[in-house]
Amino acid sequence: MFHWASASMKRRMPWLASLLVCGFLVLAFLLVDSRSASALPIPAGKVYAIPAFARKYGMPCSACHEAWPKLNNFGQLFKDNGYQMGNDRDAPIFQQPAYWPVSFRMTPHWHRVSVDRADIFNPATDSTTEGRLTTHGFDLSGMDILTAGTLAKNISFLLVPAAESDAVFGFEAANVRFSNLLKSSWLNIKVGKFELDNMISEKRIMTLSDFGGYQVYHFQPATEFSSDGSFTPFYTFGMGDNQIGAELSGHSKNDYTRYSAALLSSNDGSVGVPNGHGYDTYLTLSQAFEAGSLGLQRVGAFAYIGRAPTYLATSSLLADGFGQKSFYRAGFFGFWYLKKLDFMTMYTRGADNVFLGTGTPSFSPLPAGAQGPIWNAGFIETHLTVNPQFILVNRYELIRMSRQALPVTPGVFEPGVSVPSSDFGDIDALVFGYRYYPFMSSRVGFAIHNEFSTVRQRGGTWLLPGGSGKDLTNNSLFIGFDFIF
Amino acid sequence: MRANKSMQWMFLAAALLALPSLAIAQQGEVHVGKVTGHSGAGKQLYYRFCWGCHGFRGDGNGENGPYLNILPRNFVAATFKCRSTPTGTLPTDEDLYNSLGRGFNNSNMPGWISLTKQQRADMVAFIKTFSPRWKSDKPGDPIAVPTEPALSLQSIQHGKELFTKLECWKCHGPEGRGDGPSASTLTDSNEQPIRPYNFAEGSRFKCGATNHDLYKIFMTGLDGTPMPSFADVIKPEDAWDLVHYLRTLQVTHKSPELTLWMSTKEGAEFVKAQKVGGTPTGSGIKQ
Numbered sequence: 000m001f002h003w004a005s006a007s008m009k010r011r012m013p014w015l016a017s018l019l020v021c022g023f024l025v026l027a028f029l030l031v032d033s034r035s036a037s038a039l040p041i042p043a044g045k046v047y048a049i050p051a052f053a054r055k056y057g058m059p060c061s062a063c064h065e066a067w068p069k070l071n072n073f074g075q076l077f078k079d080n081g082y083q084m085g086n087d088r089d090a091p092i093f094q095q096p097a098y099w100p101v102s103f104r105m106t107p108h109w110h111r112v113s114v115d116r117a118d119i120f121n122p123a124t125d126s127t128t129e130g131r132l133t134t135h136g137f138d139l140s141g142m143d144i145l146t147a148g149t150l151a152k153n154i155s156f157l158l159v160p161a162a163e164s165d166a167v168f169g170f171e172a173a174n175v176r177f178s179n180l181l182k183s184s185w186l187n188i189k190v191g192k193f194e195l196d197n198m199i200s201e202k203r204i205m206t207l208s209d210f211g212g213y214q215v216y217h218f219q220p221a222t223e224f225s226s227d228g229s230f231t232p233f234y235t236f237g238m239g240d241n242q243i244g245a246e247l248s249g250h251s252k253n254d255y256t257r258y259s260a261a262l263l264s265s266n267d268g269s270v271g272v273p274n275g276h277g278y279d280t281y282l283t284l285s286q287a288f289e290a291g292s293l294g295l296q297r298v299g300a301f302a303y304i305g306r307a308p309t310y311l312a313t314s315s316l317l318a319d320g321f322g323q324k325s326f327y328r329a330g331f332f333g334f335w336y337l338k339k340l341d342f343m344t345m346y347t348r349g350a351d352n353v354f355l356g357t358g359t360p361s362f363s364p365l366p367a368g369a370q371g372p373i374w375n376a377g378f379i380e381t382h383l384t385v386n387p388q389f390i391l392v393n394r395y396e397l398i399r400m401s402r403q404a405l406p407v408t409p410g411v412f413e414p415g416v417s418v419p420s421s422d423f424g425d426i427d428a429l430v431f432g433y434r435y436y437p438f439m440s441s442r443v444g445f446a447i448h449n450e451f452s453t454v455r456q457r458g459g460t461w462l463l464p465g466g467s468g469k470d471l472t473n474n475s476l477f478i479g480f481d482f483i484f
Numbered sequence: 000m001r002a003n004k005s006m007q008w009m010f011l012a013a014a015l016l017a018l019p020s021l022a023i024a025q026q027g028e029v030h031v032g033k034v035t036g037h038s039g040a041g042k043q044l045y046y047r048f049c050w051g052c053h054g055f056r057g058d059g060n061g062e063n064g065p066y067l068n069i070l071p072r073n074f075v076a077a078t079f080k081c082r083s084t085p086t087g088t089l090p091t092d093e094d095l096y097n098s099l100g101r102g103f104n105n106s107n108m109p110g111w112i113s114l115t116k117q118q119r120a121d122m123v124a125f126i127k128t129f130s131p132r133w134k135s136d137k138p139g140d141p142i143a144v145p146t147e148p149a150l151s152l153q154s155i156q157h158g159k160e161l162f163t164k165l166e167c168w169k170c171h172g173p174e175g176r177g178d179g180p181s182a183s184t185l186t187d188s189n190e191q192p193i194r195p196y197n198f199a200e201g202s203r204f205k206c207g208a209t210n211h212d213l214y215k216i217f218m219t220g221l222d223g224t225p226m227p228s229f230a231d232v233i234k235p236e237d238a239w240d241l242v243h244y245l246r247t248l249q250v251t252h253k254s255p256e257l258t259l260w261m262s263t264k265e266g267a268e269f270v271k272a273q274k275v276g277g278t279p280t281g282s283g284i285k286q
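Residue numbers (numbering that gives the first Met the number 0), protein chains in the order written: chain A, 0 to 484; chain B, 0 to 286.
Rather than coming from a laboratory, the hints here were simulated on the basis of the structure. You may find that some hints are simply not true.
With a cut-off of at most 30 Å between alpha-carbon atoms, the simulated DSSO-like pairs for lysine-lysine come out as follows [unchecked claim]:
1. A/K469 to A/K78
2. A/K339 to B/K137
3. A/K252 to A/K324
4. B/K116 to A/K78
5. B/K253 to A/K78
6. A/K338 to B/K33
7. A/K338 to B/K116
8. A/K202 to A/K339
9. B/K253 to A/K252
10. B/K137 to A/K252
11. B/K253 to A/K182
12. B/K116 to A/K339
13. B/K169 to B/K253
14. B/K169 to B/K33
Using C-beta positions, here's what the derived DEER-type ranges look like [claimed, not checked]:
15. B/E236 to A/L180: 21 to 27 Å
16. B/A208 to A/G322: 54 to 60 Å
17. B/D136 to A/F331: 47 to 53 Å
18. B/T258 to A/L337: 34 to 40 Å
It should be emphasised that the depicted structure is a prediction, and the values quoted were computed from it without experimental measurement. Just so you know, even glycine gets a beta-carbon here, dropped at the ideal spot from N, CA and C.
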């Protein structure tokens with residue numbers, strides 16, 4: 000599901016202000032010293048802020064990243080080796096005593112967010128009307144503190160304390176990894192909180208705007224919201240969310256063949272075992288192959304088989320989930336390179352048990368005609384990497400309900416009883432933009448990021464109190480300065 | 000008639016224009032097996048992956064150069080350590096290709112095996128554009144590596160004698176720990192201190208991991224380092240004996256040579272004395 004616009008949005012603002020700010024930022028971009036890397040090497044010894052791995056190995060960002068944060072195969076192999084190059088210079092003992100494996104990333108930005116057909120309350124007239132809300136202004140992203148490296152040969156760690164833009168901290172990732180067990184790259188074990196392996200990474204997403212995220216990774220049918228009209232999700236799961244558990248993974252020497260199998264707590268990465276005693280499984284396999292001068296192509300498949308409770312038993316000390324029902328997300332993905340042009344494609348099929356799909360506790364009777372919801376989703380993301388300093392990004396994504404959890408009664412949405420149409424909740428999303436790295440160095444990363452995103456959900460306004468049932472269309476314009484040091 | 004003549008002129012002009020471009024294309028090409036590398040494509044890869052250490056001009060003066068304790072290779076000088084060709088000669092395209100994929104142990108140069116064969120060949124083609132030596136000189140003829148003779152205790156014992164006789168110990172130390180009496184005085188072609196290979200801790204050599212690679216190392220030498228070529232000093236069969244003995248100095252790396260050597264009293268005592276309580280890399284040596 001996409002993010003809903005915040006309630007603090009103001010009435011529609013004049014376009015003039017947006018245009019003025021846009022113009023100012025475009026001017027700022029033009030004034031940025033944009034000489035190419037080959038003409039402007041950064042003088043050695045003049046730079047002090049250092050991203051952790053670039054500092055450790057003295058490589059430019061472009062060595063491991065197609066365009067950061069997106070990894071290339073060399074960077075993926077480095078990650079899969081437990082953050083090791085394998086040249087006997089990986090252990091901390093080889094670093095200067097002052098070396099500290101920490102990087103910070105944040106993105107100050109200006110954005111314009113527009114939400115269609117929202118219910119707007121006007122205190123002056125004490126009335127609510129349906130219309131479009133638009134707001135814009137300067138803002139901050141969340142902040143990631145990225146610490147990662149080796150504790151000893153073949154033992155590595157990743158710790159990412161991350162703050163939301165309002166400075167609420169959490170542990171985005173925290174894990175320890177034992178690599179090359181039995182001296183084999185096919186045996187590696189990771190324990191802790193981590194991103195699911197071997198798929199198009201949401202943590203390395205190339206789009207940053209309000210509606211520019213991967214919809215497919217967080218979609219749950221609209222009928223899974225509580226039937227009491229509160230519209231809070233009955234259970235939450237996102238394949239893009241970092242999960243807590245243990246992972247067995249392996250790869251060939253050149254990383255062309257990769258696999259992983261993970262056992263995860265059924266709590267969508269939340270700490271404190273809030274749902275208790277449930278475990279999910281994630282399996283994935285991919286194979287890369289060379290296609291001459293076109294580049295390295297990769298195809299893969301994945302399956303997440305999970306369980307979620309349908310009701311909770313709570314005490315003052317502990318909560319536990321009961322009445323667990325199953326769900327799955329499975330599909331294929333591919334990386335297709337045509338020299339500088341590449342495509343990332345993904346197809347996912349999702350299905351939830353009927354109790355999850357209708358938000359019904361397992362001890363309660365199901366609504367009449369209820370079925371487990373099924374949907375198909377996919378996207379194609381295109382990158383044109385003009386050079387390591389400039390990349391154009393485009394993505395089109397769609398989600399189509401294949402089977403609704405509740406019977407279709409045309410034009411009527413009654414939570415827990417019926418849905419208004421067979422395409423209720425379908426999503427179309429489009430995002431395009433560019434990232435420009437004015438300079439390249441092995442010390443810091445800086446990108447000027449400009450992007451537009453739009454997303455439409457069929458019948459989305461049914462989910463708003465008093466909604467008319469029309470489609471919900473939101474969009475966002477984003478201009479940011481993404482830096483990491 | 001007039002149209003035919005115009006066509007002839009156009010073909011002639013096209014051919015004249017194509018000739019120099021063909022020559023340029025061939026100049027920037029390398030051939031590794033069935034793969035043809037192109038310097039144009041290699042240039043893009045170089046400015047993605049390599050410039051941080053090797054520099055924009057390929058002279059080893061990248062922004063990280065000053066921080067590395069083995070300086071990055073200077074492609075302008077075109078002196079390469081790992082070759083199949085005699086000392087002082089240029090390496091073959093395949094030598095450079097293999098070095099790229101393998102990386103260099105105990106240096107900051109990683110293996111680029113995760114790049115495609117085409118990409119590695121392209122990079123080799125571009126690396127060769129930095130030095131005029133590639134235009135004036137031809138790569139040497141690869142040395143012949145005879146078939147490895149059967150392993151025997153006599154072979155190891157003879158290798159041990161050669162290790163002393165050829166004064167390998169002066170740099171590598173009597174136990175192969177890289178701590179010979181000359182070790183602290185050694186410098187490379189960049190006038191930087193360089194440490195001889197420590198057999199006791201390493202499993203991979205600078206230019207490979209197999210007996211075949213080890214044979215080539217001391218028959219071709221590592222140009223740009225104090226490690227000379229022994230091609231004019233020892234016979235091929237003696238070189239194989241030396242290979243077998245050097246393998247026994249790798250006490251943390253299982254090998255047929257070590258197993259055979261440890262079956263003797265002398266060998267067992269030597270290996271036991273070499274095994275200490277761990278290494279800074281965390282690899283650990285079991286007691």
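Here's how the hints hold up against the structure:
This hinted pair does not check out: A/K469 and A/K78 have alpha carbons roughly 46 Å apart, beyond 30 Å. In summary, the hint linking A/K339 to B/K137 is not supported, as the alpha carbons are separated by about 34 Å, beyond the 30 Å threshold. Between the alpha carbons of A/K252 and A/K324 the distance comes to roughly 39 Å, so the proposed pair goes past 30 Å and is violated. This hinted pair checks out: B/K116 and A/K78 have alpha carbons roughly 21 Å apart, not beyond 30 Å.
Pair hint B/K253 plus A/K78 holds up; C-alpha atoms about 28 Å apart against a cutoff of 30 Å. Only pairs whose Cα atoms come within 30 Å are accepted, and A/K338 paired with B/K33 is accepted, the gap being roughly 20 Å. Annotation: proposed proximity of A/K338 to B/K116 holds, straight-line Cα distance about 14 Å (limit 30 Å). In summary, the hint linking A/K202 to A/K339 is supported, as the alpha carbons are separated by about 23 Å, within the 30 Å threshold.
For the suggested pair B/K253 and A/K252, the alpha carbons sit about 20 Å apart, so the restraint of at most 30 Å is met. For the hint pairing B/K137 with A/K252, the CA-to-CA distance comes to about 33 Å; that exceeds 30 Å, so the pair is violated. For the given pair, B/K253 sits about 12 Å from A/K182 by alpha-carbon distance, which is consistent with the 30 Å threshold. A hinted pair counts as satisfied when its Cα atoms are at most 30 Å apart, and B/K116 with A/K339 qualifies at roughly 17 Å.
Between B/K169 and B/K253 the alpha-carbon distance is near 25 Å, which keeps this suggested pair within the 30 Å criterion. Proposed proximity of B/K169 and B/K33 is contradicted: the alpha carbons are some 43 Å apart, above 30 Å. Range check, B/E236 to A/L180: Cβ separation about 40 Å, and the 21 to 27 Å hint is violated. The given range of 54 to 60 Å is respected by B/A208 and A/G322, whose C-beta atoms sit roughly 57 Å from each other.
In this structure the hint that B/D136 and A/F331 lie 47 to 53 Å apart at CB holds, the actual value being about 51 Å. B/T258 and A/L337 have their C-beta atoms about 51 Å apart, which leaves the hinted 34 to 40 Å range violated.
Figure legend: structure checked against the earlier numbered hints; hints not met, in rising order: 1, 2, 3, 10, 14, 15, 18.
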